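Chemist: Sequence:
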Amino acid sequence: LENLEEGLKQGVKMLILCSPHNPVGRVWTEQELTAARKAVAQMMGAQPEQITFTSGGTEANNLAIFGGVAAHPHDGRHIVTTAVEHSAVLNPMRKLEEQGFEVTYLQPDSEGRISLADLKAALRKDTFLVSIMMVNNESGSVMPIGQMAKLVHKLNPETMLPIAKALQTAFSACSSCLVYRVPYSVG
13 LENLEEGLKQ
23 GVKMLILCSP
33 HNPVGRVWTE
43 QELTAARKAV
53 AQMMGAQPEQ
63 ITFTSGGTEA
73 NNLAIFGGVA
83 AHPHDGRHIV
93 TTAVEHSAVL
103 NPMRKLEEQG
113 FEVTYLQPDS
123 EGRISLADLK
133 AALRKDTFLV
143 SIMMVNNESG
153 SVMPIGQMAK
163 LVHKLNPETM
173 LPIAKALQTA
183 FSACSSCLVY
193 RVPYSVG
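In the numbering used here, the protein residues as written are 13 to 199.
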(Lines of atoms letter the chains of each structure in order from A and count residues from 1; the text may use other names and numbers.)
(Lines give C-alpha, C1' and ligand atoms only; values in the text may rest on other atoms or scores of the structure.)
Protein backbone atom coordinates (compact mmCIF):
# COMPACT_ATOMS: atom_id res chain seq x y z
CA LEU A 1 0.00 0.00 0.00
CA GLU A 2 2.92 2.35 0.72
CA ASN A 3 4.35 1.72 -2.76
CA LEU A 4 0.96 2.48 -4.32
CA GLU A 5 0.66 5.73 -2.39
CA GLU A 6 4.23 6.75 -3.33
CA GLY A 7 3.57 5.83 -6.97
CA LEU A 8 0.43 7.96 -7.01
CA LYS A 9 2.32 10.90 -5.50
CA GLN A 10 5.03 10.60 -8.16
CA GLY A 11 2.40 10.36 -10.90
CA VAL A 12 0.62 13.51 -9.72
CA LYS A 13 3.99 15.32 -9.45
CA MET A 14 4.83 14.38 -13.05
CA LEU A 15 1.42 15.52 -14.30
CA ILE A 16 1.84 18.87 -12.59
CA LEU A 17 5.45 19.30 -13.73
CA CYS A 18 4.62 18.30 -17.32
CA SER A 19 1.75 20.71 -17.68
CA PRO A 20 2.37 23.11 -20.59
CA HIS A 21 0.99 25.84 -18.32
CA ASN A 22 3.74 25.36 -15.74
CA PRO A 23 6.94 27.24 -16.69
CA VAL A 24 8.99 25.14 -14.23
CA GLY A 25 7.50 22.05 -15.83
CA ARG A 26 8.63 23.12 -19.30
CA VAL A 27 12.23 23.46 -18.06
CA TRP A 28 12.04 20.14 -16.24
CA THR A 29 10.52 18.43 -19.29
CA GLU A 30 13.28 19.75 -21.54
CA GLN A 31 15.91 18.52 -19.09
CA GLU A 32 14.32 15.07 -18.92
CA LEU A 33 13.99 14.85 -22.71
CA THR A 34 17.64 15.85 -23.11
CA ALA A 35 18.71 13.18 -20.61
CA ALA A 36 16.54 10.55 -22.32
CA ARG A 37 17.84 11.52 -25.77
CA LYS A 38 21.44 11.18 -24.53
CA ALA A 39 20.74 7.78 -22.94
CA VAL A 40 19.10 6.38 -26.08
CA ALA A 41 21.82 7.83 -28.32
CA GLN A 42 24.52 6.25 -26.18
CA MET A 43 22.80 2.84 -26.33
CA MET A 44 22.54 3.10 -30.12
CA GLY A 45 25.96 4.57 -30.80
CA ALA A 46 24.38 7.73 -32.21
CA GLN A 47 24.50 11.43 -31.48
CA PRO A 48 21.68 12.88 -29.32
CA GLU A 49 20.58 15.21 -32.12
CA GLN A 50 19.92 12.12 -34.27
CA ILE A 51 17.28 10.85 -31.84
CA THR A 52 13.65 11.83 -32.39
CA PHE A 53 10.90 10.85 -30.00
CA THR A 54 7.41 10.32 -31.39
CA SER A 55 4.04 9.68 -29.82
CA GLY A 56 3.98 6.10 -31.04
CA GLY A 57 4.83 3.52 -33.67
CA THR A 58 2.58 4.82 -36.45
CA GLU A 59 4.08 8.29 -36.22
CA ALA A 60 7.60 6.85 -36.10
CA ASN A 61 6.94 4.67 -39.16
CA ASN A 62 5.48 7.58 -41.11
CA LEU A 63 8.41 9.78 -40.17
CA ALA A 64 10.93 7.13 -41.23
CA ILE A 65 9.18 6.23 -44.49
CA PHE A 66 7.93 9.58 -45.75
CA GLY A 67 10.87 11.45 -44.22
CA GLY A 68 13.28 9.09 -45.97
CA VAL A 69 11.53 9.61 -49.28
CA ALA A 70 11.59 13.39 -48.86
CA ALA A 71 15.24 13.45 -47.77
CA HIS A 72 16.40 11.27 -50.67
CA PRO A 73 14.18 12.18 -53.64
CA HIS A 74 16.67 11.05 -56.28
CA ASP A 75 18.14 7.94 -54.63
CA GLY A 76 15.77 5.40 -56.19
CA ARG A 77 12.18 4.41 -56.69
CA HIS A 78 12.24 0.89 -55.21
CA ILE A 79 11.28 -0.16 -51.70
CA VAL A 80 11.36 -3.59 -50.04
CA THR A 81 9.02 -4.50 -47.19
CA THR A 82 7.01 -7.53 -46.13
CA ALA A 83 3.43 -8.57 -46.81
CA VAL A 84 2.94 -9.00 -43.06
CA GLU A 85 3.93 -5.53 -41.90
CA HIS A 86 1.66 -3.56 -39.63
CA SER A 87 -0.85 -1.31 -41.40
CA ALA A 88 1.22 1.64 -40.16
CA VAL A 89 3.78 0.54 -42.76
CA LEU A 90 1.57 -1.04 -45.41
CA ASN A 91 -0.65 2.04 -45.78
CA PRO A 92 2.28 4.42 -46.45
CA MET A 93 3.68 1.87 -48.91
CA ARG A 94 0.40 1.87 -50.84
CA LYS A 95 0.46 5.67 -50.86
CA LEU A 96 4.00 5.63 -52.25
CA GLU A 97 2.92 3.18 -54.95
CA GLU A 98 0.24 5.69 -55.97
CA GLN A 99 3.06 8.23 -56.31
CA GLY A 100 5.02 5.99 -58.68
CA PHE A 101 7.27 4.06 -56.32
CA GLU A 102 7.68 0.33 -56.81
CA VAL A 103 7.29 -1.75 -53.65
CA THR A 104 8.31 -5.39 -53.33
CA TYR A 105 6.34 -7.23 -50.65
CA LEU A 106 8.30 -10.22 -49.33
CA GLN A 107 6.23 -13.25 -48.30
CA PRO A 108 7.03 -15.02 -45.01
CA ASP A 109 7.78 -18.72 -44.72
CA SER A 110 5.54 -21.14 -42.78
CA GLU A 111 7.00 -19.85 -39.50
CA GLY A 112 6.34 -16.22 -40.38
CA ARG A 113 9.96 -15.30 -41.14
CA ILE A 114 11.50 -13.58 -44.14
CA SER A 115 14.50 -15.41 -45.54
CA LEU A 116 17.79 -13.71 -46.28
CA ALA A 117 17.71 -15.30 -49.75
CA ASP A 118 14.35 -13.69 -50.53
CA LEU A 119 15.59 -10.33 -49.29
CA LYS A 120 18.75 -10.62 -51.37
CA ALA A 121 16.73 -11.53 -54.47
CA ALA A 122 14.47 -8.50 -53.97
CA LEU A 123 17.27 -5.93 -53.69
CA ARG A 124 18.05 -3.85 -56.75
CA LYS A 125 20.41 -1.00 -57.55
CA ASP A 126 17.51 1.47 -57.18
CA THR A 127 16.36 0.07 -53.80
CA PHE A 128 16.63 2.97 -51.39
CA LEU A 129 14.50 1.78 -48.48
CA VAL A 130 14.05 -1.58 -46.73
CA SER A 131 11.40 -1.69 -44.00
CA ILE A 132 11.06 -4.98 -42.14
CA MET A 133 9.77 -5.26 -38.59
CA MET A 134 12.06 -6.96 -36.13
CA VAL A 135 9.28 -8.86 -34.35
CA ASN A 136 5.93 -9.43 -36.00
CA ASN A 137 3.20 -8.02 -33.80
CA GLU A 138 0.74 -10.83 -34.65
CA SER A 139 2.83 -14.00 -35.03
CA GLY A 140 5.75 -13.13 -32.76
CA SER A 141 8.19 -14.21 -35.48
CA VAL A 142 11.62 -12.68 -35.01
CA MET A 143 13.43 -11.49 -38.12
CA PRO A 144 17.23 -11.68 -38.36
CA ILE A 145 17.50 -7.88 -38.55
CA GLY A 146 21.25 -7.80 -37.87
CA GLN A 147 21.97 -10.20 -40.73
CA MET A 148 19.49 -8.40 -42.96
CA ALA A 149 21.14 -5.05 -42.29
CA LYS A 150 24.59 -6.47 -43.10
CA LEU A 151 23.27 -7.99 -46.33
CA VAL A 152 21.55 -4.81 -47.45
CA HIS A 153 24.55 -2.61 -46.66
CA LYS A 154 26.92 -5.02 -48.38
CA LEU A 155 24.88 -5.03 -51.58
CA ASN A 156 23.63 -1.44 -51.46
CA PRO A 157 25.33 0.74 -48.83
CA GLU A 158 23.06 3.72 -49.50
CA THR A 159 19.83 1.89 -48.64
CA MET A 160 18.04 3.16 -45.55
CA LEU A 161 16.96 0.73 -42.82
CA PRO A 162 14.67 2.48 -40.32
CA ILE A 163 14.97 1.05 -36.83
CA ALA A 164 11.90 2.60 -35.29
CA LYS A 165 9.99 -0.66 -35.26
CA ALA A 166 12.83 -2.54 -33.59
CA LEU A 167 12.95 0.04 -30.83
CA GLN A 168 9.19 0.09 -30.55
CA THR A 169 9.30 -3.65 -29.96
CA ALA A 170 12.09 -3.36 -27.40
CA PHE A 171 10.62 -0.52 -25.38
CA SER A 172 6.94 -0.06 -24.73
CA ALA A 173 5.76 3.52 -24.21
CA CYS A 174 5.28 2.85 -20.51
CA SER A 175 8.72 1.36 -19.92
CA SER A 176 10.27 4.23 -21.87
CA CYS A 177 8.63 6.68 -19.49
CA LEU A 178 9.83 4.73 -16.47
CA VAL A 179 13.30 3.64 -17.55
CA TYR A 180 14.35 6.81 -19.33
CA ARG A 181 12.21 9.19 -17.32
CA VAL A 182 10.57 10.57 -20.45
CA PRO A 183 7.92 12.99 -19.20
CA TYR A 184 4.39 11.61 -19.34
CA SER A 185 3.02 14.23 -21.72
CA VAL A 186 5.45 13.54 -24.59
CA GLY A 187 4.13 10.06 -25.45
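Hint data in this document are derived by calculation from the structure and do not stem from the laboratory.
Treat the hints with care, since some could be wrong.
Stated by the list, open to error - Straight-line Cα separation of at most 16 Å, EDC-like style, residue types lysine to aspartate or glutamate; simulated pairs:
#1 K166 <-> E123
#2 K137 <-> E110
#3 K50 <-> E61
#4 K137 <-> E61
#5 K162 <-> E110
#6 K137 <-> E170
To be verified - Ranges between beta-carbon positions, derived for each pair:
#7 T46 <-> E71: 19 to 25 Å
#8 L16 <-> D138: 54 to 60 Å
#9 L16 <-> V147: 19 to 25 Å
#10 P60 <-> G124: 32 to 38 Å
#11 A47 <-> T70: 45 to 51 Å
#12 E18 <-> G124: 26 to 32 Å
#13 G57 <-> H86: 24 to 30 Å
#14 K21 <-> E114: 36 to 42 Å
#15 S99 <-> E18: 36 to 42 Å
#16 W40 <-> G19: 17 to 23 Å
#17 E110 <-> K50: 27 to 33 Å
#18 E109 <-> G158: 44 to 50 Å
#19 M55 <-> S151: 33 to 39 Å
#20 H84 <-> G19: 28 to 34 Å
Keep in mind that this is a model prediction, so the values were computed, not measured.
Quick reminder that beta carbons are idealized off the backbone N, C-alpha and C, glycines included.
Chemist: Against the range 36 to 42 Å, how does the distance between the Cβ atoms of K21 and E114 compare: consistent or not?
Modeler: With a Cβ separation near 55 Å, K21 and E114 fall outside 36 to 42 Å, so the hint is violated.
Chemist: Holds or violated: K166 with E123, Cα cutoff 16 Å?
Modeler: At roughly 26 Å apart (the allowed maximum being 16 Å), E123 and K166 break the hint.
Chemist: Between K137 and E61, does the CA-CA distance stay at or below 16 Å?
Modeler: 30 Å, violated
Chemist: With 27 to 33 Å as the target window, see if E110 and K50 comply at their CB atoms.
Modeler: About 40 Å separates the Cβ atoms of E110 and K50, which means 27 to 33 Å is violated.
Chemist: CA of K162 to CA of E110, is that 16 Å or under?
Modeler: Violated, at roughly 30 Å.
Chemist: Given the hint of 19 to 25 Å, check if L16 and V147 actually sit that far apart at their C-beta atoms.
Modeler: Hint violated: Cβ distance 32 Å, outside 19 to 25 Å.
Chemist: Range first: 45 to 51 Å. Now tell me if the beta carbons of A47 and T70 are that far apart.
Modeler: With Cβ atoms ~26 Å apart, the hint is violated.
Chemist: Could you see if the CB distance from L16 to D138 stays within 54 to 60 Å?
Modeler: 57 Å, holds
Chemist: Does the hinted range 33 to 39 Å hold for M55 and S151 at CB?
Modeler: Given a distance of about 27 Å, which is not inside 33 to 39 Å, the answer is violated.
Chemist: If you check the beta carbons of T46 and E71, does the distance land in 19 to 25 Å?
Modeler: Check passed, 21 Å falls within 19 to 25 Å.
Chemist: Is it true that S99 and E18 lie within 36 to 42 Å of each other by Cβ?
Modeler: 40 Å, holds
Chemist: Check whether the Cα positions of K50 and E61 lie no farther apart than 16 Å.
Modeler: 9 Å, holds
Against the hints set out earlier in the document, violations occur for numbers 1, 2, 4, 5, 9, 11, 12, 14, 17, 18, 19 and 20.
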